[in-house]
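Student: Residues per chain are reported as follows:
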Amino acid sequence: MSDTIETLVKSVHRDLQSNRTAKRVMWLYIGSGLTLVGVMILVGLGMRMAQGGMHTFQPGLFYSLMTLHGGAMMVGMALCGMGLLWYLFTLEGPLNPITAVVACALILIGAVLVAISALVGGFGAAWTFLYPLPFVGTYWPSWATGAFLAGIAFVVLGWTVWCLQMLGGVLTRYGGLRGAFAWDLVWSPSKCASSGRTPPPPQAFAVLVAAVDGLLAGSAGMLVGVALFVRWLDPTLPLDPLWVKNLTYIFGHTLANLTIYMPLAAVYVALPRYTHHRYWHTSAVLAVAWWATLVFVAIAYFHHLYMDFAQPRAVQYIGQAASYLAAFPPAVVTIFGGALLVYRSGFRWTLGSMFLYVGMIGWTVGGIGALLDATVAFNIYFHNTLWVVAHFHTYLLEGAMLFVLGWVFHCLEERSGATSSRAVRTLIGVGVFGGGAWLLLGWYLAGAQGVPRRYALQPAPGMEISWWASLGGIVLIVGLVLCGIEAIRLARRPARQEISVA
Amino acid sequence: MTRQGILRVVAAVSGALAAALAARSLAEGVEAIDVRSHHLTHAGLILGGAVAALALAAANRSPVPPPEKPQWLLPAIFAPLGGMVLMVPTFYPYMNAHPVIHVLSHFGHIIAGFTAAWCGERYRARIGWTTALFLEAMAVGAAFGFGVTR
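As you go down the protein sequences, you meet chains Z and U in turn.
When we follow my numbering, the leftmost residue of the first sequence carries the number 22, and every step to the right adds one.
When we follow my numbering, the leftmost residue of the second sequence carries the number 3, and every step to the right adds one.
Bound conformation, chain U alone (with noise of 0.2 Å):
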């Protein structure tokens, strides 16, 4: 198999495994999960999205770094902003008394990590990387305080 072959298989299994546990709240219906381990799920679904695109772009990758594309930097940038906004602790009881839009929520989670990590790789080469990595700090970050006490 070609790197760019493997590079596709990544992507599509990153995207496979990330939307199963988006979707794995609708199997198992309301739950109670505390904030802390419900922030790391997050961050789980965010790195899911992020490999995929991250991997998608590296399979698209021409030899010839292209020029600035600025027009991709700002979502590239309020992909994060969105990912954090989307874990707010105080929807949390609401997510999981609500398992459709918990799952829809999931799905926007990943579809935050994929948006940091594309639209980086499409502005400049090896930034979606630091937009990725940028995003999962955040996601990570946030299990130790936000929303959490000790």
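Bound-form chain Z, shown alone (with noise of 0.2 Å):
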């Protein structure tokens, strides 16, 4: 009898050191993540004041920055979905934490190096780093170049680790990839709901195609990756242009795909939390959604080169067919499901469930924009504009964050047992949601207009946009420091449960 208890005391202490463990991992991911998207924040206001004519900067300098903030906000969010994965999928199976810190540091390096390029070289060919912009006609000094390239490849590697880390969890938890896809469940569920296996949870999806796209696009950034670092290096080595553009975009478009689908998993755990007594399980609809996901995010990247007549033409369809068949599966069965859920369902609106939910409407909004620029017809008008921005900037600031933030609040309040009060919910959702809209409304109008993007000085209207779309920048800002004090808040109260097992 002792002996059994002392064996359930030992188990319970290694469960809850390895949560422990686990969460301070999520910590260190989120953390860092956001850390990188406040002050990208601030950046890109500087940026759309300059625009507004509000203050100037000197063109290098608005290219350098606006370098900077695409690469670094596209890593600050990759982050945080990546520590948020990272912790729901512990709860499942082991994963070694060593490795997890090893790629968050990968990717910190590569952060710095980016940095450093940037506001120390003056590096200034978008985040993109499209060939030949990197090496021809420069106003900065070619070791920027090295060191933003090298920056990429740390990046690449730490996203590399993960994704490897990723897949071996699920493969190893699910036996291989026809439990990690839920195949029986689809195929024979007969034969699955009698084999006594449960399905993996939804949250699982979101890690398997997260690991596996990713694998692909890290696999297309280290090709082009080391084949520019070359090029800097022998400036004379021939590189088709076209091949180039293709695996930059496999790279970067599925990355930032990739930064929406993985804070997903927030909504699939959190979300039913508030409602009662409902849940989100998985069905043969929700598998076989997660499968079209799988695959369209890999190719829907083409939508980025319907102005390249050199491109085979078969692709621009295959782009276009793709990037309308993507919106089905979050469509249908997370936004629509989420919408359900949570119908009728006594839901408990506090901060966490309200940036959650809030969140789904902000990536169905941004979703729709991204629809029109990825149709043809209307890429015509759109391609390049500030539509382009609008759209990314919807789902990223007021999708991928809110379910970020809607999961960090989520474990607030879990952990304090408090809620925020209805004025302090008032005032954060009036200024994230409300300054929100109105920033990208200024982006949305603009791009209407035809305004181009990645212009220092834009042509009328988009000054005058600018400057008014500025102010909702800032009324922004104010709702996310208030969030910052309300997390504060609830972080310093004390945990509501304290298990001792001593």
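It should be emphasised that the hints constitute simulated quantities derived from the structure, not laboratory data.
If you're wondering where the values come from, they're calculated on a predicted model, not measured in any experiment.
For every residue, glycine included, the Cβ atom is placed at its ideal position computed from N, Cα and C.
Nothing false has been slipped in among the hints.
Derived contacts from chain Z toward chain U, CB cut-off under 7 Å, selection only: (1) Asn-117; (2) Leu-192; (3) Thr-193; (4) Ser-240; (5) Leu-244; (6) Val-247; (7) Val-251; (8) Asp-261.
Two chains, two frames, some hints: make the complex.
Tutor: What follows is the structure, encoded as structure tokens:
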């Protein structure tokens, strides 16, 4: 009897210890990610105000800041999603924290190198580093290009380490690809039910898609990174520009897409906890939807190459079709499913649940903007205008970031057993959603007017729109500051349950 | 023959084929080979090394999946990077003119393929397949633009 108790006590100790470690790893990722995002929001507002004529940047500095803003935002949002997914998966199966910390460190070293390249060296070829921009007509020293490419290489290495760890975890936990994809649940449900095996939970599909598509993006990123790095060392090396562009967008577009799909896991896990006895289970429809997402996320990038006449025509059609089809799985399964989960469920509105729910709305709006731009007939007008900036800021700022904030507040609320007052929620809501919508509207309107993106000085009516849109940005930042203060208040409260086995 | 035996034969045959292909440059002497074909030859060498490693790993696989071994992950990732460094087209004219160094670099490709796959499998079951595919995809992909123009 005493042996059994001792074994149980040891096992609880071990579980508590590993859960504490897993949470620390998660906060390392989310903390560093949100810090990067916060600083880059300030940089972004500074650029928007400069476009509105509120102050001036040297044009070179504007493009360096734009490069830094894009790269660091991608890395910051990705880190948040990676940490969140990593932690959620540790609740399903063991993952080694050292591997995760190494991946995070590699990515942060990459971010520092990119920052040095942009801020000290003045590198300003945009985070998409489209060949031959990093090498031709440059106003920055050659070492800045090398530092930027090395920074991207470190980010790709860290990302690849993370993807391999997650893929290894999910394949081991669910018995290979067949189990991880819930193949039997879809094709032979009776066999699946009689086997006694439970299919992976919804968040495990996000892990699988992030890992598989992430590795595809990582291999493209590593190949193009090596090619550009060698081109930097040996300027006589010929590179096929269309080949470079395809690889750059397999890497960049897929990574940008995955930054949204990764924090989605928070919606699957946390949103049901605010309802009355409802939960998100794995169904055949959900599994098939994620299979479709796996394919379409990988091939939708072709819509970035509509203007490249040398691209084979067939892939232009694939790009158009995949962009449309990519919208169905999340719209039908996740967003519609989320709305049904909340409907008449006795939903508790807190800051956490509010962010998660509004995040789905932001994702939908940004997704519709993306679909319009991915339609060839519209793309003729919207290509490289501020419409592009509008749609990706919508689903990053008012989608992915809200999922992350929702998860952060969900953890804080669960830990402290406290929630925010209605007045605080209203103030934060007005700031983050109202200010955010105001800021985004400026990009949509300017894009529809044909104002080009990536211009320090914009043609009319860009400047007027940028001026008033900047005010929305200020309101958004006030909302985020309030959000930060509220998070600190909740974090300083004593934990609701102190489980002691001593 | 047992499954283990077959896998060991597969490993030996793929390793021997890759080694023969690698040493071919010694027999042929100074070669004039275009960059694309050269990249694709290297992809073949990498494939030989990777198949040998995967077959050996499968032959020695334990029935219970072992826990994650993080020390194997970095070599599994740096091997593909090393493989790509050996595929820098700037080195090709020099390699073509110096058969011994050319053959050594070919063995470097086999080792890169083997290391990526073997260390990946040691890190966690099935990850060797992934890292081998990762490297092979890069090697084949390089043939369409890395030092190559239309």
